[in-house]
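Here the protein sequences line up with chains A and B, keeping their order.
Note that the first sequence covers residues 294 to 919 in our numbering.
Note that the second sequence covers residues 49 to 250 in our numbering.
If you are wondering where the hints come from, they were derived from the structure by calculation, not from laboratory data.
Just so it is clear, the structure is predicted and the values come from calculations on it, not from any experiment.
Careful, some of the hints might be misleading.
Listed below are the simulated DSS-like cross-link pairs for lysine-lysine, each with C-alpha atoms no more than 27 Å apart in a straight line [unchecked claim]: (1) Lys770(A) with Lys666(A); (2) Lys333(A) with Lys72(B); (3) Lys72(B) with Lys364(A).
Label-pair distances were calculated between CB atoms; the ranges are [said to hold, decoys possible]: (4) Arg246(B) with Gln608(A): 54 to 60 Å; (5) Arg389(A) with Lys213(B): 43 to 49 Å; (6) Glu143(B) with Ser509(A): 51 to 57 Å; (7) Lys213(B) with Ser820(A): 25 to 31 Å; (8) Trp194(B) with Lys744(A): 54 to 60 Å; (9) Ala851(A) with Lys213(B): 56 to 62 Å; (10) Ser490(A) with Pro71(B): 31 to 37 Å; (11) Ala851(A) with Ile70(B): 57 to 63 Å; (12) Lys213(B) with Ser490(A): 43 to 49 Å; (13) Lys127(B) with Lys330(A): 44 to 50 Å; (14) Ser80(B) with Asp437(A): 55 to 61 Å; (15) Ile70(B) with Gly740(A): 21 to 27 Å; (16) Gln180(B) with Asn610(A): 48 to 54 Å.
A virtual CB, placed ideally from N, CA and C, is assigned to each residue, including glycine.
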Amino acid sequence: MPTTITEPAADVVILGVGYMSGVIAAELSIASLNNNKNYKVVAITKGPYWDYVNDFSTTKYDEWGVGLGRKYDSPLPLQSTTIRNTPYQFALPVRRYTMPIQYHALGHGVGGAAQHYGGTMGRQGPWGYQMLLQTNTRYPGTIDTINPHNDLEDWPLQYYQYEPYYVQWENAHGLCGNYNGSIDNPGSDASGYPWMSQNYKLPPHPLTSAAQLFQSTVSSAPFNYHPFPHVNALASQPYVNSYGVPVNPCVYDGYCGGPCDYACETGAKANAAYRTIPAAMKSGNFTLVVNSFIFRLDTDPTSGLVTAARYYDPQGNVHIQPGTVFFNGMWGYNMIRIMLLSGVGAPYVWNSDPTLVSGTVGRGLTNGYSPFKGTNVSGTLSNIGGNAYPAGNAGGGSVDIYDLMDDNFDHTGLGFIGGSQIGVGGYPGGGPGNITFAGGVSSASMGPQFKPSQKDKYLQTKTIVSATPFAPDLPTKDNYVDLDPHYADIYGDPLARLTYDWTQNMYIGATYLANKVKDIFTKMGASNVTVSSTVSPGAAHNDWWGHHLRGGCRIGTAPASSVWDKWNQCWSPTVKTPFNIFGAGEITNTSGDTVPSGTHVAGPQSYRAAEGIKQYLGLMTPGLVP
Amino acid sequence: MPALRLSEKPKPIDLLQIQSRIPKPEELVVLSKPLLDATIIIGKALMDCENKWAVGGDVAEVISGVNVQPNHITILSTKDGCEEVARKLVKYQVEPPHDVESELARDAIVDLKPHKVRIKSYSSRFDVEGSQLNVHGNLRIKVGEWDWGDPLDFDPDYVYVLGVKMPIVPLKMKSELYSGLGWTDRAIKIHEAVMRSRHMFG
Numbered sequence: 294m295p296t297t298i299t300e301p302a303a304d305v306v307i308l309g310v311g312y313m314s315g316v317i318a319a320e321l322s323i324a325s326l327n328n329n330k331n332y333k334v335v336a337i338t339k340g341p342y343w344d345y346v347n348d349f350s351t352t353k354y355d356e357w358g359v360g361l362g363r364k365y366d367s368p369l370p371l372q373s374t375t376i377r378n379t380p381y382q383f384a385l386p387v388r389r390y391t392m393p394i395q396y397h398a399l400g401h402g403v404g405g406a407a408q409h410y411g412g413t414m415g416r417q418g419p420w421g422y423q424m425l426l427q428t429n430t431r432y433p434g435t436i437d438t439i440n441p442h443n444d445l446e447d448w449p450l451q452y453y454q455y456e457p458y459y460v461q462w463e464n465a466h467g468l469c470g471n472y473n474g475s476i477d478n479p480g481s482d483a484s485g486y487p488w489m490s491q492n493y494k495l496p497p498h499p500l501t502s503a504a505q506l507f508q509s510t511v512s513s514a515p516f517n518y519h520p521f522p523h524v525n526a527l528a529s530q531p532y533v534n535s536y537g538v539p540v541n542p543c544v545y546d547g548y549c550g551g552p553c554d555y556a557c558e559t560g561a562k563a564n565a566a567y568r569t570i571p572a573a574m575k576s577g578n579f580t581l582v583v584n585s586f587i588f589r590l591d592t593d594p595t596s597g598l599v600t601a602a603r604y605y606d607p608q609g610n611v612h613i614q615p616g617t618v619f620f621n622g623m624w625g626y627n628m629i630r631i632m633l634l635s636g637v638g639a640p641y642v643w644n645s646d647p648t649l650v651s652g653t654v655g656r657g658l659t660n661g662y663s664p665f666k667g668t669n670v671s672g673t674l675s676n677i678g679g680n681a682y683p684a685g686n687a688g689g690g691s692v693d694i695y696d697l698m699d700d701n702f703d704h705t706g707l708g709f710i711g712g713s714q715i716g717v718g719g720y721p722g723g724g725p726g727n728i729t730f731a732g733g734v735s736s737a738s739m740g741p742q743f744k745p746s747q748k749d750k751y752l753q754t755k756t757i758v759s760a761t762p763f764a765p766d767l768p769t770k771d772n773y774v775d776l777d778p779h780y781a782d783i784y785g786d787p788l789a790r791l792t793y794d795w796t797q798n799m800y801i802g803a804t805y806l807a808n809k810v811k812d813i814f815t816k817m818g819a820s821n822v823t824v825s826s827t828v829s830p831g832a833a834h835n836d837w838w839g840h841h842l843r844g845g846c847r848i849g850t851a852p853a854s855s856v857w858d859k860w861n862q863c864w865s866p867t868v869k870t871p872f873n874i875f876g877a878g879e880i881t882n883t884s885g886d887t888v889p890s891g892t893h894v895a896g897p898q899s900y901r902a903a904e905g906i907k908q909y910l911g912l913m914t915p916g917l918v919p
Numbered sequence: 049m050p051a052l053r054l055s056e057k058p059k060p061i062d063l064l065q066i067q068s069r070i071p072k073p074e075e076l077v078v079l080s081k082p083l084l085d086a087t088i089i090i091g092k093a094l095m096d097c098e099n100k101w102a103v104g105g106d107v108a109e110v111i112s113g114v115n116v117q118p119n120h121i122t123i124l125s126t127k128d129g130c131e132e133v134a135r136k137l138v139k140y141q142v143e144p145p146h147d148v149e150s151e152l153a154r155d156a157i158v159d160l161k162p163h164k165v166r167i168k169s170y171s172s173r174f175d176v177e178g179s180q181l182n183v184h185g186n187l188r189i190k191v192g193e194w195d196w197g198d199p200l201d202f203d204p205d206y207v208y209v210l211g212v213k214m215p216i217v218p219l220k221m222k223s224e225l226y227s228g229l230g231w232t233d234r235a236i237k238i239h240e241a242v243m244r245s246r247h248m249f250g
């Protein structure tokens with residue numbers, strides 16, 4: 294018979310244990326020690342603790358279990374989501390990790406989604422923090438045409454204010470690269486504040502032949518772009534992070550292929566479990582609660598403050614975890630859902646008249662990933678060397694440019710804003726599936742053709758270069774998250790419902806950018822350079838959404854349109870005193886360009902939130918930082 | 049908006065989970081903040097040393113993932129290297145370089161018999177922001193009544209300590225040294241760390 298258990302009160306209660314929560318755990322546990330306080334930090338996650346040796350070394354090569362059984366992923370029978378394209382449709386639930394609907398699986402357990410991601414990173418530039426201001430200044434009167442029912446909002450801080458937090462986050466997680474945007478590290482804006490005040494702490498992975506060709510091509514006329522090695526979070530060398538945690542290097546220079554499902558067997562792939570959580574656990578002030586499903590936040594009826602988190606353990610017992618301050622680090626729509634279930638914050642209420650929408654929790658949902666139906670450009674390079682080392686996805690070994698991103702070119706009359714990070718030269722191959730003969734043998738390559746076909750597969754004479762660029766997905770008042778009135782999780786609570794369709798800015802930008810990439814591929818000497826059929830805005834409603842959801846629980850400057858303030862602290866219309874719940878994650882990114890990792894952009898927010906919590910608890914003097 | 053009514057139907061769930069137990073704090077390998085900070089200071093100061101040097105001792109093992117508990121930093125170098133380190137770290141110097149011979153607290157176990165272990169080196173000591181640093185030039189080891197060994201020499205491995213490329217005494221050499229001294233517990237710790245850093249099938 295399940296019972297209710299009240300746990301000892303904690304000073305900090307962390308909901309979910311992914312990238313951002315790990316920072317809060319480490320920072321608050323250590324700050325407590327340094328201030329001679331005995332503050333207790335508790336973190337609760339629905340999944341297990343993973344040890345990369347015991348759990349991944351021998352079992353990650355189970356392609357069926359990993360790729361199809363999704364044994365490392367968030368179990369959909371436990372909870373899922375529903376999705377529809379417009380508010381007038383009936384939303385259907387995601388029941389399988391497969392196309393369509395949800396190709397990329399969600400994370401589970403300590404480390405969260407970063408246990409099995411591609412490790413791809415890249416800072417968001419200054420323009421991404423002020424998209425609305427910059428657009429209205431340079432292209433006045435165009436934003437409502439570019440983005441019908443526009444709900445774009447700027448961040449509460451500018452890039453230069455987040456930059457020191459970027460450094461902290463990168464140092465903790467051991468990112469690899471060589472500056473961002475340009476190897477000569479120019480000023481990021483007119484003030485001359487550098488793109489990066491410090492370089493990444495680990496060197497980039499070795500460049501592939503295709504990457505080197507791309508680099509030499511785009512850095513010379515007529516392009517004169519500024520290529521730089523792809524930034525990623527797969528340790529290229531042995532590393533010790535800012536918390537003193539040693540990190541093993543990647544033994545494959547980027548073996549993270551397939552649909553981001555392959556966990557790392559040496560802990561080289563950065564995530565909270567192997568970077569920040571060890572530091573928190575070592576402090577002695579930290580308690581990790583696993584396999585426990587948070588289903589509600591209790592609030593005080595008078596003050597409105599959050600008083601406790603309720604969760605189920607695997608036996609069905611209900612635990613009540615009281616706390617002083619709470620950090621919501623749950624992934625994506627789960628961060629929104631727990632607030633909607635608990636009555637924390639003002640829920641977003643859609644209206645067919647965009648002037649009549651209200652609320653913030655669930656508002657401004659965007660997608661940071663390329664649409665399923667996009668505009669692709671590809672070509673074939675001959676005899677440039679390289680082999681089909683069975684790795685890829687993370688882009689280790691590739692080269693990027695930001696020159697076709699942000700407002701780095703004139704958008705007058707183009708009908709879109711922003712652009713795309715263009716990267717070329719990731720390792721060919723596709724992860725463990727590429728090792729097998731079965732994946733490479735067809736009837737046409739059997740018999741006498743077998744050996745030549747295998748040789749060409751691993752020692753390639755031809756290399757395919759490909760890109761699907763797109764401009765940023767912009768927040769509108771019609772894309773949002775709320776609670777589904779029809780479908781429930783395993784415990785009977787309503788699922789999160791995503792109302793989402795790709796916005797026209799992405800598609801219009803894609804057509805323009807694909808032709809720019811076509812010029813680059815042609816100059817590189819590629820043959821058969823082809824741009825696929827362009828997709829018109831609204832012509833294809835995608836029944837698929839990516840794993841980089843952003844903005845449904847966004848930070849901002851105004852309580853009427855955002856959930857979190859500049860400290861990533863929740864503002865609430867009902868709480869008069871400073872609210873005791875903070876949050877950070879990719880879903881709190883207000884807006885941004887198409888840098889591949891909203892995770893990297895979310896990272897600085899976690900350190901910002903940590904400072905906010907320290908101030909709240911008296912571990913840090915308020916007013917030291919703006 | 050009021051919270052939704054709490055579910056009245058909590059129930060056990062039966063979902064297969066692959067998982068490991070949560071490690072205890074003492075099982076986690078973390079270099080303490082004072083030693084981390086001092087290591088970085090030293091690494092930056094010695095970045096352009098002309099003589100061979102490398103971090104040795106327990107710090108070298110921790111930053112390679114070996115679960116030991118260092119209380120000071122050790123550097124191995126040559127005699128000239130010891131002089132050079134002394135010049136570059138002069139503001140932290142506690143004891144200038146000079147010949148030192150001492151006996152280790154732990155005996156070697158060879159053929160099941162204990163033997164005293166002595167070391168001698170051209171040595172100096174420093175206090176780097178509160179952390180002790182011992183520098184040994186031409187370190188030699190003598191076990192029991194055997195002859196003194198040759199000065200330790202090696203090609204260092206490298207670890208990026210918060211971005212500072214730090215030469216360290218190779219774990220392979222340390223493992224062989226421990227095995228020779230009969231300190232199998234230390235050799236096993238190194239073996240465990242190496243196994244955690246390698247591809248299982250490679």
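Hint by hint, here is what the structure shows:
| no. | hint | verdict |
| --- | --- | --- |
| 1 | Lys770(A) with Lys666(A) | holds (23 Å) |
| 2 | Lys333(A) with Lys72(B) | holds (16 Å) |
| 3 | Lys72(B) with Lys364(A) | holds (25 Å) |
| 4 | Arg246(B) with Gln608(A): 54 to 60 Å | violated (38 Å) |
| 5 | Arg389(A) with Lys213(B): 43 to 49 Å | holds (47 Å) |
| 6 | Glu143(B) with Ser509(A): 51 to 57 Å | holds (54 Å) |
| 7 | Lys213(B) with Ser820(A): 25 to 31 Å | violated (42 Å) |
| 8 | Trp194(B) with Lys744(A): 54 to 60 Å | holds (58 Å) |
| 9 | Ala851(A) with Lys213(B): 56 to 62 Å | violated (46 Å) |
| 10 | Ser490(A) with Pro71(B): 31 to 37 Å | holds (35 Å) |
| 11 | Ala851(A) with Ile70(B): 57 to 63 Å | violated (41 Å) |
| 12 | Lys213(B) with Ser490(A): 43 to 49 Å | violated (20 Å) |
| 13 | Lys127(B) with Lys330(A): 44 to 50 Å | holds (48 Å) |
| 14 | Ser80(B) with Asp437(A): 55 to 61 Å | holds (56 Å) |
| 15 | Ile70(B) with Gly740(A): 21 to 27 Å | violated (54 Å) |
| 16 | Gln180(B) with Asn610(A): 48 to 54 Å | holds (50 Å) |
Comparing the model with each numbered hint stated earlier shows that hints 4, 7, 9, 11, 12 and 15 do not hold.
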